[in-house]
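Participant: I would like the entire structure built from these sequences, with the hints used as guidance.
Residue numbers (our numbering), protein chains in the order written: chain A, 1299 to 1734; chain B, 113 to 633.
Possibly wrong hints are sitting among the right ones.
Unchecked claim - Below, in silico cross-link-like pairs of lysine to aspartate or glutamate (DMTMM-like), each with a Cα-Cα straight-line distance of 20 Å or less:
| id | chain 1 | residue 1 | chain 2 | residue 2 |
| --- | --- | --- | --- | --- |
| 1 | A | Lys1659 | B | Glu456 |
| 2 | A | Lys1659 | B | Asp545 |
| 3 | A | Lys1659 | B | Asp550 |
| 4 | A | Lys1572 | A | Glu1467 |
Said to hold, decoys possible - From the structure, some residues in chain A lie toward chain B, with a derived Cβ separation under 7 Å:
| id | residue |
| --- | --- |
| 5 | Asp1664 |
| 6 | Leu1666 |
| 7 | Ile1667 |
What the hints contain is simulated information worked out from the structure, not anything from laboratory work.
Here a beta-carbon is modelled for each residue, glycine too, at the ideal position from N, C-alpha and C.
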Amino acid sequence: MSPAIAPPPAPVQAPLIPPSEHRWAEVVHRLEAGGSMLPDTPENLMQIIGIYKAYAVPMDFYWRDLLYIAERVFLNPLPAFKYFPSQEYLDRPNAYAGEQSQLPIWRGGEKAHPELLEFMAKGETVAMPKLLHHLWHDRINMEFAEACMQAMLWHQDLGGRFNDYLASEAYRANADRAIRAYFKGNPLMLGLYKLFPEMFLEQVKQLSYYANLGLFWEVMAPVFFEMSDLFDEGGFKGVPDAMDFLVNGIFAVAGRPIYHHVYVGEECIEVIPKSEGFTWLYEAALPYVEAVFYRTSPFRGTKSYNAQAGQIPTEQADFHYGILYADVFPVGSAGIPPTLLMQDMLHFLPPYLQELYAQHKRGEDDQLIQLGVTFQRSMYNVTSAVIQALRCALLYPLDDTDPEHLLANRRFFEAQLDRFLRPEARLGAIQSQDYR
Amino acid sequence: MTPYTLLLLLALPLLAGLALSFLPAGSPQRVRSLAALATASQLAVALLCWRQPPADLQLAWLPKLGLELDLGLDGLSLPLVLLTALLSTMAMLSAPADQSRPRLFYALLLATNVGVVGAFLARNALLFVLAFELVLIPTTLLVAIWGGPRRAGAAIRFLLYGAVSGLSLLAGVLALGWFNANGLDFSFSGLAQADLAPRAQAWILALLLLAFGLKLPIVPLHGWQPLTYGQAPTPVVMLLGGAVSKLGAYGLLRFGVGFLPDTWAAWSPWIAAAGAVSAVYGALNAIAQSDMRRLMAYSSLGHMGLLVLALAAATPLALQGAVAQILAHGLIVALLFACVGLIERRTGTTEIAELSGLLNPLRGLPVSAAMLLLALMAAAGIPGLAGFPAELLVFEGSWTAFPRATLVCLVASGLTAVYAVRLFNRVGFGRLDNDRADWQPTRWAERLPALALTLLVIGFGLWPNALVGWSATETDAMALRSQPFLAVSPSVTVATAPPRTVQGLSGTIALIPSPLAVPSS
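Facilitator: As structure tokens, this is what we get:
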């Protein structure tokens, strides 16, 4: 056998700008090359696509129920059945899935996902009435979706015009109309509304965020389903491919209207009309990423580890308890309690992820933590997509030949990565495959 | 039941120890099984003895020296034999499945068992000394060969303290025989009737206090304990803390209270003071420790202080409390070390600062940590667990005799809760360190000893009469003081000893009889 002849070295092109000296220089360079913050490895690709699939199924429930609460449950003072969306909402066609869609992202059906319906019927236990599943907590954890919504409501100043609009007279007038219509013929609630109008208005604002998040996730669920299907068909070559799919998806649906309609009987009251021009990217996606991925809030249980450790900053803007920082080991101790979502995703793990988890750490016994770490990896990839989309919208192409433009891109990337300089950030951890 | 059953209690571990040498060294699990089977059989035989007590066994051995193979079981020694057999079995099962040099390791554990059980069975003081001394050799070797990084220093210190203890005991026992005006007789029955001059009694008690105080230990004779408990392998430290140290308590009760009551009563204020100092010193040092094993060593020291207080008070209740404390502490300290051993085996450390979040259900060691929590609660005297009735009896029984010392010990008992909470808050709760949490869960087979001890700690807590019922007759007979305010009830035996006036070093001490005490016939 003759020895292999090494190919001639490719001509080395001198870089147009010097290397980054940022602490995460390696990641900066990867982003500049069109990559993701998550290293491009076959296992990372498998992990993130698998978890997108497991995330999308409960998300299909979240968005339907969020809209159900915002539009139908509305100000019900005793919303005991708010986690029981009506059949109408379970059958509500997803605007981005199925043949009826004008912009079909997922080739599958537009109604609630079959795996979701199957789980709702059986849960982890056996088929029994919905109420029993609910009381046994054998169900989708809508509390997670509400925690995300509350993070968006609470942090408020996250860009876009949505939050400012909630303080406008137009919004107050629309909300007032909706409140009066909803409580028509109910002198007790109307009397209370007269006594405490701001309290009712605050509740409506919260419901507007229900609608906001519901409309946001209505897009994301088919995106993730489609990514899963493409992966199963061998469609992605690596992590950057998956990120690019997200970037393209973001641009495709960026202009989707964000609105809040309330249905009282047959009447539809537009609390936030579509005509206000709020869009999916600026009024939903970016605030969501900021509020949920980065900030959220410290664990609000009876025993807050963050508070004990003196880790609660005085400024809300300094909060950093999101999934990009969350410690998924002590279950439910930091950030939006990922436990609830992790529990939901556990029910819908694709077989290849289950096999992967069985080979590492404690196998089946700690799948919950392993999938939590996978979810963290996948959200770094989603955040990378958002960063690349913003760069694309606001700055210059990656293959630009003007060094000034490339330096502007560099400054943008470095500024984004500055947010991961804090020790709690998991950016360093996800660079290694050993972090599980 | 035949008296030779008592020989069986010694023969089982002895023969098993010899049989181990015929097993292949490459199968440590088989070696462990045989050793554990021997001590489990010993436990079964001891339980049979409890159901049907055998008569004492007397065989001439070296009669010219007053040495006879005089064995017996009474209410004091039976529970201690049961405790030793149980803890020996648990210790064997706590050893790792891949124990290095298993034949020697388990043979030495069995030899320790033989020594401790022999001492408890002995009805002859010289035989007791022989067994007492026998324990020192295997335990020193176990620490020296299988201990932690500082095992050499720990073994040497343990040996030196043990040698002083042994020599002191030998001198004390010989003096008991030689200065006895009734003639040379080392049998317990003879020593109970010994006629000793007050000065001789004082010297002998001083020697015995040194001997047993070193073994127990109490402040300031505890120098060997933290290092040895810190370095000894888990099975060894379970035996050391749970059974071997109880030789000291048994010796003080049998020899001090039993054979030298006058001098004991005269010295009891000082002994009670030493107990109180030990309790506070142990608890305060436990609070300051950064290593779990050392913390438990000082915790044990503190609990021995309570035991000494009860022995000093020597009221019927206090002595029942002392026996209960011996048993409860034996179980609790063995459980504590079993849990620490499980944690150490997985995490590789006993440093408190390096551990956190062990209760985490997915990546922590939740079962081991939960058992540790229960053991700490028991050590802190939480009601419903074995530590509570024992400490309650100690305090209740000692209060009338030494109120100040009892109050100090109560404060020390409160401090127990401080270090228990401090330890568990750091180790059990909090954030599980991502970098360290890379260990596998403990298996049920590994947890078995700790689980068994946990059940016993709960059982004795819920049914405390099982702790005190063993020795009531003996302790009541040995009581030096009556219990002034104890109501007579069918479930509690009050003082049966007659009110006595004893001769102390500084004159005659009148022991006031209780109006409610029932005089012995």
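Participant: State for each hint whether it applies.
Facilitator: Hint-by-hint comparison with the structure:
no.: 1; hint: A:Lys1659 with B:Glu456; in the structure: 19 Å, holds
no.: 2; hint: A:Lys1659 with B:Asp545; in the structure: 15 Å, holds
no.: 3; hint: A:Lys1659 with B:Asp550; in the structure: 7 Å, holds
no.: 4; hint: A:Lys1572 with A:Glu1467; in the structure: 17 Å, holds
no.: 5; hint: Asp1664; in the structure: 4 Å, holds
no.: 6; hint: Leu1666; in the structure: 6 Å, holds
no.: 7; hint: Ile1667; in the structure: 5 Å, holds
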